[in-house]
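Okay, so the sequence shown: first residue is 1 according to my numbering, each after it adds one.
These are calculated hints, taken from the structure and not from any lab test. Any given hint might turn out to be false.
Ranges between beta-carbon positions, derived for each pair [as the list claims (entries may be wrong)]:
hint : residue 1 : residue 2 : range
1    : 33        : 86        : 35 to 45 Å
2    : 61        : 86        : 16 to 26 Å
3    : 71        : 21        : 12 to 22 Å
4    : 48        : 23        : 38 to 48 Å
Ideal Cβ positions, reconstructed from N, Cα and C, are used throughout, including at glycine.
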Amino acid sequence: PQIKGGPNDTAVIDNSSAFRYEDDVPLVVPEINGGELSRAPLIANPNCTTAIGAMALWPLHQKYKLKKVIMSTYQAASGAGAEGMAEL
Numbered sequence: 001p002q003i004k005g006g007p008n009d010t011a012v013i014d015n016s017s018a019f020r021y022e023d024d025v026p027l028v029v030p031e032i033n034g035g036e037l038s039r040a041p042l043i044a045n046p047n048c049t050t051a052i053g054a055m056a057l058w059p060l061h062q063k064y065k066l067k068k069v070i071m072s073t074y075q076a077a078s079g080a081g082a083e084g085m086a087e088l
């Protein structure tokens, strides 16, 4: 994406899922890899459940070098919007 501008080269932080899988858009959890904030004009953040899980797992990863985590979450179908509700 072509995003530039603002008086201080303003960065855009996207809270949607639109850019989460783009290679050139950093996926940032500020408490873990917040240094990415200073270099990118567009920043994505993970799903809220993922961000909270990452924050809990980060200290464990630093100490034990986690290789794999299996995590299940249960969220309201209404969070998926009208399509999610229709699928029910």
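Hints versus structure:
1. 33 - 86: 35 to 45 Å: Holds: the Cβ-Cβ distance is about 37 Å, inside 35 to 45 Å.
2. 61 - 86: 16 to 26 Å: Roughly 38 Å apart at Cβ, these two residues miss the hinted range, so it is violated.
3. 71 - 21: 12 to 22 Å: 19 Å, holds
4. 48 - 23: 38 to 48 Å: 23 Å, violated
This entry does not satisfy hints 2, 4, going by the numbered hints stated previously.
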